[in-house]
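4 protein chains.
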Amino acid sequence: MKIHETKVRVRYAETDQMGVVYHANYLVWMEVGRVEYCRAEGLRYKDLEDEDQIHLAVVEASCRYLHPAKYDDEILIRTSVAEAHSRMVVFHYDLVNADSGTNVARGTTKHIFLGKDLKPRKLPREHWHVFGLDARPGVA
Amino acid sequence: MKIHETKVRVRYAETDQMGVVYHANYLVWMEVGRVEYCRAEGLRYKDLEDEDQIHLAVVEASCRYLHPAKYDDEILIRTSVAEAHSRMVVFHYDLVNADSGTNVARGTTKHIFLGKDLKPRKLPREHWHVFGLDARPGVA
Amino acid sequence: MKIHETKVRVRYAETDQMGVVYHANYLVWMEVGRVEYCRAEGLRYKDLEDEDQIHLAVVEASCRYLHPAKYDDEILIRTSVAEAHSRMVVFHYDLVNADSGTNVARGTTKHIFLGKDLKPRKLPREHWHVFGLDARPGVA
Amino acid sequence: MKIHETKVRVRYAETDQMGVVYHANYLVWMEVGRVEYCRAEGLRYKDLEDEDQIHLAVVEASCRYLHPAKYDDEILIRTSVAEAHSRMVVFHYDLVNADSGTNVARGTTKHIFLGKDLKPRKLPREHWHVFGLDARPGVA
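Protein chains in written order, with numbering that gives the first Met the number 0: chain A, 0 to 139; chain B, 0 to 139; chain C, 0 to 139; chain D, 0 to 139.
Please note that the accuracy of each hint is not assured.
One side of the interface only, derived from the structure: several residues of chain D facing chain A at Cβ under 8 angstroms [said to hold, decoys possible]:
hint: 1; residue: Arg10
hint: 2; residue: Val31
hint: 3; residue: Glu40
hint: 4; residue: Tyr70
hint: 5; residue: Asp71
hint: 6; residue: Leu75
hint: 7; residue: Lys109
hint: 8; residue: Lys121
hint: 9; residue: Pro123
hint: 10; residue: Trp127
Ranges between beta-carbon positions, derived for each pair [stated by the list, open to error]:
hint: 11; chain 1: B; residue 1: Gly18; chain 2: C; residue 2: Lys118; range: 30 to 38 angstroms
hint: 12; chain 1: B; residue 1: Ala81; chain 2: C; residue 2: Asn102; range: 27 to 35 angstroms
hint: 13; chain 1: C; residue 1: Asn102; chain 2: B; residue 2: Ala39; range: 29 to 37 angstroms
hint: 14; chain 1: B; residue 1: Glu4; chain 2: A; residue 2: Gln52; range: 46 to 54 angstroms
hint: 15; chain 1: C; residue 1: Gln52; chain 2: A; residue 2: Gln52; range: 19 to 27 angstroms
hint: 16; chain 1: B; residue 1: Ala81; chain 2: A; residue 2: Glu4; range: 30 to 38 angstroms
hint: 17; chain 1: A; residue 1: Pro123; chain 2: D; residue 2: Lys118; range: 30 to 38 angstroms
hint: 18; chain 1: A; residue 1: Leu117; chain 2: C; residue 2: Asp133; range: 39 to 47 angstroms
Here are the simulated lysine-lysine pairs, DSSO-like style, with alpha carbons at most 27 angstroms apart [as the list claims (entries may be wrong)]:
hint: 19; chain 1: D; residue 1: Lys45; chain 2: A; residue 2: Lys69
hint: 20; chain 1: C; residue 1: Lys6; chain 2: C; residue 2: Lys45
hint: 21; chain 1: C; residue 1: Lys69; chain 2: B; residue 2: Lys6
hint: 22; chain 1: C; residue 1: Lys69; chain 2: D; residue 2: Lys6
hint: 23; chain 1: B; residue 1: Lys69; chain 2: C; residue 2: Lys6
Hints in this document: simulated from the structure, not taken from any laboratory. A virtual CB, placed ideally from N, CA and C, is assigned to each residue, including glycine.
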């Protein structure tokens with residue numbers, strides 16, 4: 000299983016008055032994680048939208064908050080593909096404080112591929128390798 | 000089981016270039032839902048923080064996205080307490096398009112009570128009724 | 000000059016670790032203000048986009064922060080049109096704490112009308128009244 | 000005048016249904032710009048809050064939007080101190096598309112220094128150099 004690593008630094012805008020990162024913002028970091036995962040595998044997500052007219056829509060998201068991320072922390076996002084077929088993909092994320100190594104959160108997002116009309120589509124075969132799918136003819 | 004209803008109108012700021020609401024924003028609406036649930040049950044969450052020095056920290060959140068919410072839609076948030084004891088509470092949310100009645104999303108958040116030091120606390124007994132807990136002496 | 004009033008309640012998501020509302024969120028409230036201004040004047044902004052294919056793009060925004068808005072405050076947004084012609088409109092906003100009457104902030108946004116291609120357009124004459132423009136033939 | 004440069008990549012979360020970055024998010028990037036400016040000058044803003052108990056509160060913000068930033072663009076933020084004395088500082092920002100060199104936006108934020116009690120403070124003299132202030136005794 001491939002794991003891609005990318006980092007974000009916590010912005011003041013992302014904190015709340017509890018003095019920690021507001022929980023919804025972890026989902027934004029997961030977005031950063033999967034976009035950089037795809038880029039590292041040769042797919043710029045922007046091109047998938049612009050050239051293939053395919054969106055990667057979120058159908059499920061979940062997150063377990065283990066240790067609060069704080070302002071100015073560097074967060075290491077470890078992204079992997081937990082499951083995939085031609086119509087959907089599940090990403091898994093481990094969020095870790097880059098300095099201390101503390102596990103900050105663990106999350107999952109499930110996506111389906113949609114056309115511009117927001118109707119389900121199959122992922123074009125040329126991009127299957129990005130998500131670890133076998134693109135040989137006859138395999139689906 | 001009590002269900003509290005409140006409404007939000009989708010802001011332009013909450014949309015993304017897919018033309019729908021960005022998925023992380025549903026978690027913000029769930030926040031609105033549980034805060035208004037508590038207010039309806041007699042507890043202003045702000046007072047819990049200011050007077051009791053208790054935070055309601057999110058330890059888990061999940062959401063299933065059923066039908067995309069769009070700009071300017073009115074979203075009805077139906078909030079209920081799915082589970083609670085003196086140290087934690089689980090909220091459940093049904094998000095519905097207020098005009099069409101379409102189910103937009105379904106979500107859950109699990110919380111623990113923390114002190115100002117971000118260490119776990121028991122919820123003061125005077126607030127137990129808010130979450131449907133039995134506050135009779137000897138019951139915990 | 001018409002002044003339209005609408006209210007928002009401060010969300011936890013909108014606060015930061017200074018214990019006040021993060022400054023960029025005031026611009027989101029101004030969006031709520033001008034959208035409700037237009038609705039009150041008979042124009043649903045969503046329809047302007049969907050039916051007339053016209054966007055109201057922000058070209059300038061400014062805000063003076065007078066007194067910090069805090070979590071759970073109700074903020075009264077007083078919106079007016081400060082200037083308008085067929086190609087642009089300037090909104091002015093007074094943000095006031097609805098309980099105390101304290102001035103929270105004062106802001107301005109300048110907009111131009113764009114087509115779907117993001118090129119400048121004239122506002123269709125049927126909507127001129129919304130912004131106080133004289134729609135008599137020969138007046139431009 | 001020192002100019003500090005830092006980059007952000009546009010997140011999907013930052014776009015809106017016009018297909019461009021929602022205007023309030025530029026203020027968040029300006030925050031990234033001034034925090035990195037301070038870090039480059041030897042002051043971690045987090046330490047200013049934690050150790051000196053000083054906040055840098057925004058009292059005015061303005062932005063001119065010149066050319067829309069789009070999803071996945073790399074934005075170069077050029078931050079400089081336009082004006083400063085012991086009680087306030089004005090930052091100026093030029094936002095530029097890092098690939099094309101197009102000017103995206105230009106902005107200004109004015110700040111005052113506050114204590115934990117949200118009352119105005121003088122910046123401790125040891126940090127004056129960060130903002131280009133002359134810290135020699137007798138100069139104020």
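Here is how each hint holds up against the structure:
{"no.": "1", "hint": "Arg10", "verdict": "6 angstroms, holds"}
{"no.": "2", "hint": "Val31", "verdict": "6 angstroms, holds"}
{"no.": "3", "hint": "Glu40", "verdict": "16 angstroms, violated"}
{"no.": "4", "hint": "Tyr70", "verdict": "6 angstroms, holds"}
{"no.": "5", "hint": "Asp71", "verdict": "4 angstroms, holds"}
{"no.": "6", "hint": "Leu75", "verdict": "17 angstroms, violated"}
{"no.": "7", "hint": "Lys109", "verdict": "17 angstroms, violated"}
{"no.": "8", "hint": "Lys121", "verdict": "22 angstroms, violated"}
{"no.": "9", "hint": "Pro123", "verdict": "19 angstroms, violated"}
{"no.": "10", "hint": "Trp127", "verdict": "22 angstroms, violated"}
{"no.": "11", "hint": "B:Gly18 with C:Lys118: 30 to 38 angstroms", "verdict": "20 angstroms, violated"}
{"no.": "12", "hint": "B:Ala81 with C:Asn102: 27 to 35 angstroms", "verdict": "42 angstroms, violated"}
{"no.": "13", "hint": "C:Asn102 with B:Ala39: 29 to 37 angstroms", "verdict": "31 angstroms, holds"}
{"no.": "14", "hint": "B:Glu4 with A:Gln52: 46 to 54 angstroms", "verdict": "38 angstroms, violated"}
{"no.": "15", "hint": "C:Gln52 with A:Gln52: 19 to 27 angstroms", "verdict": "20 angstroms, holds"}
{"no.": "16", "hint": "B:Ala81 with A:Glu4: 30 to 38 angstroms", "verdict": "35 angstroms, holds"}
{"no.": "17", "hint": "A:Pro123 with D:Lys118: 30 to 38 angstroms", "verdict": "60 angstroms, violated"}
{"no.": "18", "hint": "A:Leu117 with C:Asp133: 39 to 47 angstroms", "verdict": "41 angstroms, holds"}
{"no.": "19", "hint": "D:Lys45 with A:Lys69", "verdict": "10 angstroms, holds"}
{"no.": "20", "hint": "C:Lys6 with C:Lys45", "verdict": "20 angstroms, holds"}
{"no.": "21", "hint": "C:Lys69 with B:Lys6", "verdict": "21 angstroms, holds"}
{"no.": "22", "hint": "C:Lys69 with D:Lys6", "verdict": "31 angstroms, violated"}
{"no.": "23", "hint": "B:Lys69 with C:Lys6", "verdict": "21 angstroms, holds"}
Violation of the numbered hints given earlier is confined to hints 3, 6, 7, 8, 9, 10, 11, 12, 14, 17 and 22; the remaining hints are satisfied by the structure.
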